[in-house]
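Turn these sequences into a full structure, and let the hints guide you.
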Amino acid sequence: MGLPVVTEVRIHVQDPSLSLDMEVDEGYHLDIPNVSGGSGHALIQAQGVYGAIRAMETLSMLGVQGPDAADPVILPHTPYRIIDRPRYPHRGLMLDTSRSYFPVSDLLRTLDAMAWSKLNVFHWHIIDSQSFPLASEVLPQLAQNGAYSPESIYTRKDVERVVAYARLRGIRVIPEFDAPGHTYIWSASFPDLITCPNVQPNWPDVSAEPPSGQLNLIKKESLELMQKLLSEQAQWFPDTYLHIGADEVNTKCYEQDTSIAAYLHRTGMTVVDLIHRWITQYQTIVGNLGKKVVAWEESVLEYGLTPPPKDTLIQVWKGAKNVGSVIEKGLRVLTSPSDYWYLDCGRGEWLAGPGGGTSWCDPFKDWMRIYSYDPLANLTNPSTHPQVMGGEVAMWSEMTDPVNLDTVVWPRASAAAEILWSGKTDLTGKVRSTAQALPRILALRRRMVRRGIRADMVQMEWCERNPGQCALYPWE
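Just so it is clear: in the sequence shown, position 398 is 398 by the numbering used here, and no numbers are missing.
Treat the hints as calculated values from the structure; they're not laboratory data.
Built from N, CA and C at the ideal position, the CB exists for glycine as well.
Do not take every clue at face value.
[Claimed, not checked] Only pairs whose alpha carbons sit at most 27 angstroms apart, straight line, appear in this in silico DSS-like list of lysine-lysine:
no., residue 1, residue 2
1, Lys252, Lys292
2, Lys157, Lys310
3, Lys292, Lys220
4, Lys220, Lys252
5, Lys321, Lys310
6, Lys329, Lys424
7, Lys157, Lys292
8, Lys321, Lys228
9, Lys228, Lys157
10, Lys321, Lys430
11, Lys292, Lys228
12, Lys252, Lys219
13, Lys252, Lys310
14, Lys310, Lys329
15, Lys219, Lys292
16, Lys318, Lys424
17, Lys318, Lys329
18, Lys318, Lys292
19, Lys292, Lys329
20, Lys310, Lys292
[As the list claims (entries may be wrong)] Just the calculated beta-carbon pair ranges, DEER-fashion:
no., residue 1, residue 2, range
21, Glu23, Ser231, 18 to 28 angstroms
22, Pro191, Thr358, 33 to 43 angstroms
23, Thr258, Pro382, 47 to 57 angstroms
24, Arg450, Gly348, 41 to 51 angstroms
25, Pro150, Ile11, 36 to 46 angstroms
26, Arg161, Val449, 21 to 31 angstroms
27, Thr58, Lys157, 44 to 54 angstroms
28, Pro150, Gln459, 15 to 25 angstroms
29, Leu351, Met269, 16 to 26 angstroms
30, Gln65, Gln144, 29 to 39 angstroms
31, Arg451, Thr258, 52 to 62 angstroms
32, Met269, Arg451, 23 to 33 angstroms
33, Ser231, Pro150, 44 to 54 angstroms
This is the structure we're talking about:
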């Protein structure tokens, strides 16, 4: 009797279009006959190409391989009939490439791992206060003066390569051009447009972290600069959405600027009024370029932005509780709560000091903490659930670079990926438990390592070989 293997995969796709947006159909049917006595074929049926891609990944998950790379992949427990589609249309990973630069090869490898986890949005936080690694052709001085080195720059060809590579894996690329905060590095090219640049040593007074610096909100050249840059970048990044940032804008930075203080006195405006006006104008620029806006939660919860509900996505990060606050405004939400889905948390203090410090968002978010989060938690009115479009795990790179990228991100990001694909409850309404998920994340981590991802350990091998014997009791 032969091994239970699939020797052929037949794929039927109704629409071969490679068009990719948030409305794309990722559903599929996967049928595998009983191959317990030998070989057979699998049948995939999908409305679109990207549904077929998700089905292929499911097929790979069903296979079981021995400890050696040369061992055959077998399919136990056949037959299968799987009808599947994602719970949320936006399932993302955010990567910060400003605080640490990551070569294109790292980005492509990350996209591979995302596809294996059925994540479908790469939120590219491409610039920030620390460096400007994007080689704009209309504003070349930004990268020339703002990148860490000539080698730490993404060219237009690099961007096109990343976008094309992602598309073939059913992954959208949404760039973030964060403003007006987090813009110190712009001062290397446009010093007159930056307020409170690199205040030392009292940077905490005017910034979330060093170096401080924000775009001057009363100079029209600030918006003209954004218009010029985004008119170009809207062509480089074809997705219908563009992220405008708008988080952590420090009011004290503007209050200590004498020219802005005089302007506020003359006009009767407050700093918040000024921020609101500027972000509204920034949003208009993006809309006029044919793009829809993503913005961090402060834009609406602190600065009073009133975006068009049908177009704008508001990304919550300050805590899971704030999802409801955005929902109450009738807006659509992406959830990235720092108390659950921030991958940088709990890895120690990176600011120099006496030692023994903690990160601002302690504790460390292990995969079980990440898996425990329900994007719909505390939303008691089911009619508001469709406003939650999905979410993202966030990888800020103060303490992550190419050396440890894989280990910090994977397989923890995959825990969020399963929640975003399947939802926190099963078809019967029962909450998915970490006990049920453990064998799946162990298997996924093993596949990732075999495919070249240096994913972190979940448990030692003895535990994997002895299921259920490495648990704290009682356990779910």
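Inset, instruction - Verify the proposed pairing of Lys252 with Lys219, using a straight-line Cα cut of 27 angstroms. - result: Within the cut-off at roughly 18 angstroms; holds.
Inset, instruction - Go ahead and decide if the range 29 to 39 angstroms is satisfied by the Cβ distance of Gln65 to Gln144. - result: Violated - the Cβ-Cβ distance for Gln65 and Gln144, about 49 angstroms, lies outside 29 to 39 angstroms.
Legend entry - Hint consistency between Lys220 and Lys252 [alpha-carbon to alpha-carbon, up to 27 angstroms]: 21 angstroms, holds
Inset, instruction - Indicate whether the distance between the beta carbons of Leu351 and Met269 respects the range 16 to 26 angstroms. - result: 34 angstroms, violated
Inset, instruction - Decide if the proposed pair is consistent with the structure: Lys292 and Lys228, CA atoms, cutoff 27 angstroms inclusive. - result: Satisfied, since the Cα-Cα distance of roughly 18 angstroms is no more than 27 angstroms.
Inset, instruction - Can you let me know if the beta-carbon spacing of Thr58 and Lys157 is within 44 to 54 angstroms? - result: At 34 angstroms between Cβs, range violated.
Legend entry - CB-CB spacing for Thr258 and Arg451 relative to the 52 to 62 angstroms hint: 57 angstroms Cβ-Cβ, so the 52 to 62 angstroms window holds.
Legend entry - Restraint status (C-alpha distance of Lys321 to Lys228 at most 27 angstroms): 37 angstroms, violated
Legend entry - Restraint check for Lys329 with Lys424, where alpha carbons must lie at most 27 angstroms apart: 24 angstroms, holds
Legend entry - 21 to 31 angstroms as the expected CB spacing between Val449 and Arg161, which holds or is violated: 25 angstroms, holds
Inset, instruction - Please work out if Lys292 and Lys220 have their alpha carbons no farther apart than 27 angstroms. - result: 23 angstroms, holds
Legend entry - CB-CB spacing for Ser231 and Glu23 relative to the 18 to 28 angstroms hint: 26 angstroms, holds
Violated hints, listed in ascending order, are 1, 2, 8, 13, 24, 27, 28, 29, 30, 32, 33; each of the other numbered hints is respected by the structure.
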